[in-house]
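Using the sequences plus the hints, can you model the full thing?
Each chain is listed here by its residues.
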Amino acid sequence: MQLDILTVCYLIGSVTFILGLKMLSNPATARKGNLIAAGGMGIAIFGTIFLYQTDNGKGLHNYVWIFSGLIIGSIIGTLAAKKVKMTSMPEMVSLFNGMGGACAALISAVEFDHVYREFRLDTNSFADSVPFVHYFTISAGAIIGGISFAGSIIAWGKLNGRIKDFSFNGQHILNLLVLGFVLSIAGFTYWSHASITNIWFLITLLSAFVYGVLFVLPIGGADMPVVISLLNSFTGIAAAFGGFLYNNKVMLTGGILVGAAGTLLTMLMCKAMNRSLMNVLIGSFGTKNAKATVGKQQGGNYKEITINDTATCMAYANKVMIVPGYGLAVAQAQHVCHELEKILDEKGVQVSYAIHPVAGRMPGHMNVLLAEADVSYDKLLEMEQANDEFKTTDVVLILGANDVVNPAAKSDAASPIYGMPILEVELAKSVIVNKRSMKPGYAGIENDLFFQPKTSMLFGDAKKVLQQLVSEIKNL
Amino acid sequence: MQNFLQFITENQQMIYVVILMIFLGIEVIGRVPSVLHTPLMSGANAIHGVVIIGAIIVMGKSNDDNYLALILGFLSVVLGTLNVVGGFVVTDRMLEMFKKKK
Numbered sequence: 000m001q002l003d004i005l006t007v008c009y010l011i012g013s014v015t016f017i018l019g020l021k022m023l024s025n026p027a028t029a030r031k032g033n034l035i036a037a038g039g040m041g042i043a044i045f046g047t048i049f050l051y052q053t054d055n056g057k058g059l060h061n062y063v064w065i066f067s068g069l070i071i072g073s074i075i076g077t078l079a080a081k082k083v084k085m086t087s088m089p090e091m092v093s094l095f096n097g098m099g100g101a102c103a104a105l106i107s108a109v110e111f112d113h114v115y116r117e118f119r120l121d122t123n124s125f126a127d128s129v130p131f132v133h134y135f136t137i138s139a140g141a142i143i144g145g146i147s148f149a150g151s152i153i154a155w156g157k158l159n160g161r162i163k164d165f166s167f168n169g170q171h172i173l174n175l176l177v178l179g180f181v182l183s184i185a186g187f188t189y190w191s192h193a194s195i196t197n198i199w200f201l202i203t204l205l206s207a208f209v210y211g212v213l214f215v216l217p218i219g220g221a222d223m224p225v226v227i228s229l230l231n232s233f234t235g236i237a238a239a240f241g242g243f244l245y246n247n248k249v250m251l252t253g254g255i256l257v258g259a260a261g262t263l264l265t266m267l268m269c270k271a272m273n274r275s276l277m278n279v280l281i282g283s284f285g286t287k288n289a290k291a292t293v294g295k296q297q298g299g300n301y302k303e304i305t306i307n308d309t310a311t312c313m314a315y316a317n318k319v320m321i322v323p324g325y326g327l328a329v330a331q332a333q334h335v336c337h338e339l340e341k342i343l344d345e346k347g348v349q350v351s352y353a354i355h356p357v358a359g360r361m362p363g364h365m366n367v368l369l370a371e372a373d374v375s376y377d378k379l380l381e382m383e384q385a386n387d388e389f390k391t392t393d394v395v396l397i398l399g400a401n402d403v404v405n406p407a408a409k410s411d412a413a414s415p416i417y418g419m420p421i422l423e424v425e426l427a428k429s430v431i432v433n434k435r436s437m438k439p440g441y442a443g444i445e446n447d448l449f450f451q452p453k454t455s456m457l458f459g460d461a462k463k464v465l466q467q468l469v470s471e472i473k474n475l
Numbered sequence: 000m001q002n003f004l005q006f007i008t009e010n011q012q013m014i015y016v017v018i019l020m021i022f023l024g025i026e027v028i029g030r031v032p033s034v035l036h037t038p039l040m041s042g043a044n045a046i047h048g049v050v051i052i053g054a055i056i057v058m059g060k061s062n063d064d065n066y067l068a069l070i071l072g073f074l075s076v077v078l079g080t081l082n083v084v085g086g087f088v089v090t091d092r093m094l095e096m097f098k099k100k101k
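Protein sequences, first through last, are from chains A and B.
In terms of numbering that gives the first Met the number 0, the first sequence opens at residue 0 and continues consecutively.
In terms of numbering that gives the first Met the number 0, the second sequence opens at residue 0 and continues consecutively.
Hint data in this document are derived by calculation from the structure and do not stem from the laboratory.
The C-beta atom is built at its ideal place from N, Cα and C for all residues, glycine as well.
Careful, some of the hints might be misleading.
Stated by the list, open to error - Taking lysine-lysine and the DSS-like style, the derived pairs with C-alpha atoms no more than 27 Å apart in a straight line are:
no., chain 1, residue 1, chain 2, residue 2
1, A, Lys438, A, Lys341
2, A, Lys84, A, Lys473
3, B, Lys60, A, Lys463
4, B, Lys60, A, Lys248
5, A, Lys341, A, Lys318
6, A, Lys302, A, Lys438
What the hints assert, rightly or not - Derived CB-CB ranges, DEER-like:
no., chain 1, residue 1, chain 2, residue 2, range
7, A, Val7, B, Gly29, 24 to 32 Å
8, B, Asp64, A, Phe45, 25 to 33 Å
9, A, Met85, B, Gly29, 45 to 53 Å
10, A, Lys84, B, Ile25, 27 to 35 Å
11, A, Lys81, B, Gly29, 27 to 35 Å
So this is what it looks like as structure tokens:
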């Protein structure tokens with residue numbers, strides 16, 4: 000009888016996951032969807048703890064271990080998620096994803112250990128006594144989980160700047176070789192002598208880690224959200240293998256659902272940047288091509304503008320467009336940016352924001368950031384809308400954005416960002432760029448826009464500059 | 000061939016679930032606006048934390064004298080919980096920013 004209640008718990012879990020994902024893809028219902036999925040997860044977890052029975056009808060034990068694990072994980076997880084700054088959320092997601100991957104790999108390791116203990120002395124090789132499907136499920140979970148774990152940690156390190164892009168010639172061939180090695184060792188283990196399979200399994204797991212590291216290392220930092228999304232779907236698949244292993248429907252449905260949705264989401268993200276997934280994975284953003292472009296344009300001249308002039312310029316304009324980028328997020332300048340918008344509004348200047356879909360470090364980064372500062376929704380223009388407006392705009396103020404306004408994406412076929420849709424700010428009457436220095440943006444390429452005659456540079460930290468700008472405009 | 004057919008027959012329920020879930024996963028998020036890409040990724044990240052259930056089963060089945068399984072199982076429970084709890088909380092925080100204020 001107990002078992003039936005658990006089945007119902009799992010059914011509820013599966014349905015809430017589907018509903019949750021569905022609601023998460025609509026702005027109006029997203030938050031509720033997240034809570035519903037979380038509720039379903041809670042039901043599935045506690046159902047498992049109290050109602051799960053093994054094949055011979057015994058309940059689970061080791062409750063002390065289970066609950067201390069749950070409590071420790073919950074406390075650390077909540078604290079980490081609550082404390083993380085808005086700007087660091089993508090790396091937090093990556094870290095949590097890595098934890099899930101590691102969890103899947105560890106489950107496989109323990110299950111392997113069970114099989115190993117049972118058969119190491121009695122049989123020549125696993126092939127004699129362990130069903131292939133069972134072994135395959137265990138090692139697939141270990142390999143995919145391992146890759147996801149190691150890859151996510153590298154992605155996390157890249158996003159917070161601890162790990163630099165690293166690529167060399169022939170890296171993709173090396174990666175393929177390592178992947179081939181992982182798979183052949185995993186296959187070899189099944190037919191090798193049963194008493195030493197534990198060593199082979201360990202080698203499989205370690206080389207999966209190595210592959211995860213090598214897989215993410217050459218991919219440019221700007222592409223990390225795409226990679227995280229891909230690794231996210233890997234972990235989903237690893238979880239689904241866990242579901243196969245225990246014949247557990249909620250793990251299976253949840254895992255496959257995320258695996259499929261994550262893969263599609265990865266492709267949608269690539270599409271937002273007008274690039275293919277292959278291009279992201281193999282493209283090694285901003286290496287050789289970028290250097291060539293840098294060399295070509297180093298001779299350019301740019302002109303600087305003072306806070307005073309900027310204030311006058313903006314206060315007497317009819318229409319101002321603000322283009323926010325990662326620099327705004329880093330400086331945490333969203334509130335003072337909203338202040339600037341209000342003060343200009345009082346002076347009768349029409350202010351709106353042009354939001355590039357991949358501005359910042361994650362899609363939607365800028366919307367979230369400006370929403371935090373209470374900027375009204377109808378002031379945020381999407382790229383197509385904004386591009387229509389630029390022609391009639393007097394002043395464009397670019398706050399720490401770079402690659403998303405780089406005209407090279409339209410004109411320079413050799414540029415690594417060629418083909419990416421951009422905000423066509425050069426259509427406006429004048430452009431003021433706030434940056435900390437002339438250093439290139441995340442893609443590592445020079446921006447021709449800065450050298451154009453209608454562009455002026457306003458150097459400094461976005462928050463400080465905006466504060467000064469607000470007080471200048473007040474004094475006008 | 001015999002083995003393959005046998006595998007399909009024995010696991011047909013699972014295979015049906017997998018295939019339907021793949022289509023459902025794609026269908027369900029098909030029209031997501033790019034603004035929601037990151038929260039959706041984060042939400043999906045929390046959902047695959049369902050792997051925690053495997054960790055709980057592993058932990059709860061381990062014999063008291065099998066220290067390797069106990070330690071690895073315990074670690075996987077902690078990591079899985081981190082994934083689930085952290086994932087949902089971080090998603091909620093992201094989405095909190097989206098709520099409309101008048």
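Taking the hints in turn, this is what the structure says about them:
1. A:Lys438 with A:Lys341: 31 Å, violated
2. A:Lys84 with A:Lys473: Not OK: A:Lys84 and A:Lys473 at ~31 Å, beyond 27 Å, violated.
3. B:Lys60 with A:Lys463: 58 Å, violated
4. B:Lys60 with A:Lys248: 19 Å, holds
5. A:Lys341 with A:Lys318: Holds: A:Lys341 and A:Lys318 sit about 13 Å apart, inside 27 Å.
6. A:Lys302 with A:Lys438: Satisfied, since the Cα-Cα distance of roughly 15 Å is no more than 27 Å.
7. A:Val7 with B:Gly29: 24 to 32 Å: Check passed, 29 Å falls within 24 to 32 Å.
8. B:Asp64 with A:Phe45: 25 to 33 Å: Holds, since B:Asp64 and A:Phe45 (Cβ atoms, about 28 Å apart) stay within the stated range.
9. A:Met85 with B:Gly29: 45 to 53 Å: 28 Å, violated
10. A:Lys84 with B:Ile25: 27 to 35 Å: About 33 Å separates the Cβ atoms of A:Lys84 and B:Ile25, which means 27 to 35 Å holds.
11. A:Lys81 with B:Gly29: 27 to 35 Å: 32 Å, holds
Consistency note: the structure conflicts with the earlier hints numbered 1, 2, 3 and 9.
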